[in-house]
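K.L.:
Sequence:
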Amino acid sequence: MTTGILWQNAETTIALIDIPLSIAAAQSTKEKPWTDSLLSVAALEVPFPTQICKDIKGARNLPSNAADDFPHQEYRVLLEKALEETDSCHKGAWCQPRPFVSAKCERSHGKRKAHDVFASNQSSDLPANILSNITQSCLTPPDVHFEVGDGVDDGDYEPGSHLCYHSKSPTNMVLSHHDLDTAKSNNYKFRIPAGAAFVLANCSNPEAFHDVVNPRRLNFDFILMDPPWPNRSVKRTHKTPGTSYATISTLKDISHLLLNLNLSCLLSRTGYMGIWVTNKAAIRTLLVGPGGLFEHWEVELAEEWIWLKTTTRGEPVTPLEGTWNGKRPYEVLLVARKRTSNTTETGEIKRRVVIAVPDLHSRKPCLKKMIETLIGTDGDVLEIFARHLVAGWWSWGNECVKFNWEGYWQSVNEREKREAR
Numbered sequence: 054m055t056t057g058i059l060w061q062n063a064e065t066t067i068a069l070i071d072i073p074l075s076i077a078a079a080q081s082t083k084e085k086p087w088t089d090s091l092l093s094v095a096a097l098e099v100p101f102p103t104q105i106c107k108d109i110k111g112a113r114n115l116p117s118n119a120a121d122d123f124p125h126q127e128y129r130v131l132l133e134k135a136l137e138e139t140d141s142c143h144k145g146a147w148c149q150p151r152p153f154v155s156a157k158c159e160r161s162h163g164k165r166k167a168h169d170v171f172a173s174n175q176s177s178d179l180p181a182n183i184l185s186n187i188t189q190s191c192l193t194p195p196d197v198h199f200e201v202g203d204g205v206d207d208g209d210y211e212p213g214s215h216l217c218y219h220s221k222s223p224t225n226m227v228l229s230h231h232d233l234d235t236a237k238s239n240n241y242k243f244r245i246p247a248g249a250a251f252v253l254a255n256c257s258n259p260e261a262f263h264d265v266v267n268p269r270r271l272n273f274d275f276i277l278m279d280p281p282w283p284n285r286s287v288k289r290t291h292k293t294p295g296t297s298y299a300t301i302s303t304l305k306d307i308s309h310l311l312l313n314l315n316l317s318c319l320l321s322r323t324g325y326m327g328i329w330v331t332n333k334a335a336i337r338t339l340l341v342g343p344g345g346l347f348e349h350w351e352v353e354l355a356e357e358w359i360w361l362k363t364t365t366r367g368e369p370v371t372p373l374e375g376t377w378n379g380k381r382p383y384e385v386l387l388v389a390r391k392r393t394s395n396t397t398e399t400g401e402i403k404r405r406v407v408i409a410v411p412d413l414h415s416r417k418p419c420l421k422k423m424i425e426t427l428i429g430t431d432g433d434v435l436e437i438f439a440r441h442l443v444a445g446w447w448s449w450g451n452e453c454v455k456f457n458w459e460g461y462w463q464s465v466n467e468r469e470k471r472e473a474r
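Going left to right, the sequence shown walks through residues 54 to 474 as this note's numbering numbers them.
Incorrect hints may have been included.
Computed spacing ranges between beta-carbons, pair by pair [unchecked claim]:
(1) Gln-189 x Thr-338: 32 to 38 Å
(2) Thr-426 x Gln-126: 16 to 22 Å
(3) Glu-351 x Thr-426: 20 to 26 Å
(4) Lys-242 x Thr-338: 42 to 48 Å
Here are the simulated lysine-lysine pairs, DSS-like style, with alpha carbons at most 25 Å apart [claimed, not checked]:
(5) Lys-403 x Lys-380
(6) Lys-83 x Lys-221
(7) Lys-134 x Lys-380
(8) Lys-422 x Lys-144
(9) Lys-333 x Lys-380
(10) Lys-391 x Lys-83
(11) Lys-134 x Lys-403
(12) Lys-403 x Lys-391
(13) Lys-221 x Lys-422
(14) Lys-85 x Lys-237
(15) Lys-333 x Lys-221
(16) Lys-422 x Lys-85
(17) Lys-83 x Lys-333
(18) Lys-85 x Lys-305
(19) Lys-134 x Lys-144
(20) Lys-422 x Lys-134
(21) Lys-403 x Lys-422
(22) Lys-380 x Lys-305
(23) Lys-333 x Lys-305
(24) Lys-333 x Lys-134
(25) Lys-221 x Lys-242
(26) Lys-422 x Lys-391
No wet-lab data here; the hints were simulated from the structure.
C-beta: ideal position from N, C-alpha, C; glycine also.
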């Protein structure tokens, strides 16, 4: 069964992953394979052009202090070695073809916009407020219908609060969206993979999620999340389909949000927690520093998974030895494990490298197979702030089914027709 991993070394410390393929593969089970392709943007063929900061004040704001440089210097050496090993051992492509993007995106090497991609592949966009109208009070909340099949578990819908569902077999969810401006109703179909459970609810209202999982006495072996960290350089809005999610303005606010998730009671006694972080030193300190969130959650840092963003030719999208527009060409997943009375901190942190050609902004590689190396194939996994479902996982967030809308996928027949043109 396809996993999205194009190449991996024997030690499983380096993996070359195709992002759209990894997400598509995560919709599959052995019994219920998934054959559709996830719409994406054109793969970057050349690195971003080097920019020189002419603003002295702006240059001072670039990450150049010792706190920022310390992990980067170690990462740079590790990433250079990983690139060299991958280049010498892997003779295939660095990502799968993406023939289903729009011609406009294929010609552009500049900033790619999701709207350019999806506009040419679907007759209508997903309304920006269709999911928020479920989790927030509104005059016309969507009607929800599930095309029920065999092996259905249960679900609950409380407009203005949450929508949860768990299906043992693949099914479709249809949302009827009522547009007050046009007085029309349109149906939007979302594909739910086998064994997927989701709680479509705002993470700032954790009671809705805990009310669902607590009666089931669920303890997760891995909790994965990509929090909406404060980011001055990116203003995410709901104007561009496929790219939007809200960020939080201050570290104090995001700390308060994460503490209120009450994760300690959700993690199993031997469980792991994976958190995507930016390269800002203050965010890392918030998690792993003295009195930080890891200490509060009673977990300790065990591994670091570093996602290096490359072009289709295996070049870093920006130079490893510096910053581009104040950014590094990688992101880090901090992997922590539950601390027990028998464990002590050794200071030995295992590092793995994930190499992947970037896709839509904020879309991460799906690391299902790598997570399974830690917890096995039968482990219970929860993804928070999720934006797509994964077969066999629980997902929680106010956009957790977004990329399961059928408009973001291309069937085999559609792909074959496009390739035949």
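K.L.:
For every hint, state whether the structure bears it out.
P.N.:
Verification of the hints:
1. Gln-189 x Thr-338: 32 to 38 Å: 33 Å Cβ-Cβ, so the 32 to 38 Å window holds.
2. Thr-426 x Gln-126: 16 to 22 Å: Distance hint for Thr-426, Gln-126 is violated at roughly 28 Å.
3. Glu-351 x Thr-426: 20 to 26 Å: Taking Cβ atoms as reference, Glu-351 and Thr-426 lie about 23 Å apart, which means the hint holds.
4. Lys-242 x Thr-338: 42 to 48 Å: holds, 44 Å
5. Lys-403 x Lys-380: holds, 24 Å
6. Lys-83 x Lys-221: Judged against 25 Å, a Cα distance of about 13 Å means the pair holds.
7. Lys-134 x Lys-380: holds, 21 Å
8. Lys-422 x Lys-144: holds, 22 Å
9. Lys-333 x Lys-380: Given that 25 Å is the threshold and the Cα spacing comes to 9 Å, the pair holds.
10. Lys-391 x Lys-83: violated, 31 Å
11. Lys-134 x Lys-403: holds, 15 Å
12. Lys-403 x Lys-391: holds, 16 Å
13. Lys-221 x Lys-422: holds, 20 Å
14. Lys-85 x Lys-237: Given pair Lys-85, Lys-237 is violated - Cα atoms ~35 Å apart, limit 25 Å.
15. Lys-333 x Lys-221: violated, 40 Å
16. Lys-422 x Lys-85: holds, 17 Å
17. Lys-83 x Lys-333: Violated, at roughly 40 Å.
18. Lys-85 x Lys-305: Answer violated: Lys-85 to Lys-305 is near 44 Å, above 25 Å.
19. Lys-134 x Lys-144: Holds, because 17 Å separates the two Cα atoms, which is no more than 25 Å.
20. Lys-422 x Lys-134: Holds, at about 23 Å.
21. Lys-403 x Lys-422: Between Lys-403 and Lys-422 the Cα gap is close to 17 Å, so the pair holds against 25 Å.
22. Lys-380 x Lys-305: holds, 22 Å
23. Lys-333 x Lys-305: Given pair Lys-333, Lys-305 holds - Cα atoms ~15 Å apart, limit 25 Å.
24. Lys-333 x Lys-134: Given pair Lys-333, Lys-134 holds - Cα atoms ~24 Å apart, limit 25 Å.
25. Lys-221 x Lys-242: Holds - the C-alpha atoms of Lys-242 and Lys-221 are around 18 Å apart, at most 25 Å.
26. Lys-422 x Lys-391: Distance ~20 Å between Lys-422 and Lys-391 Cα, so the pair holds.
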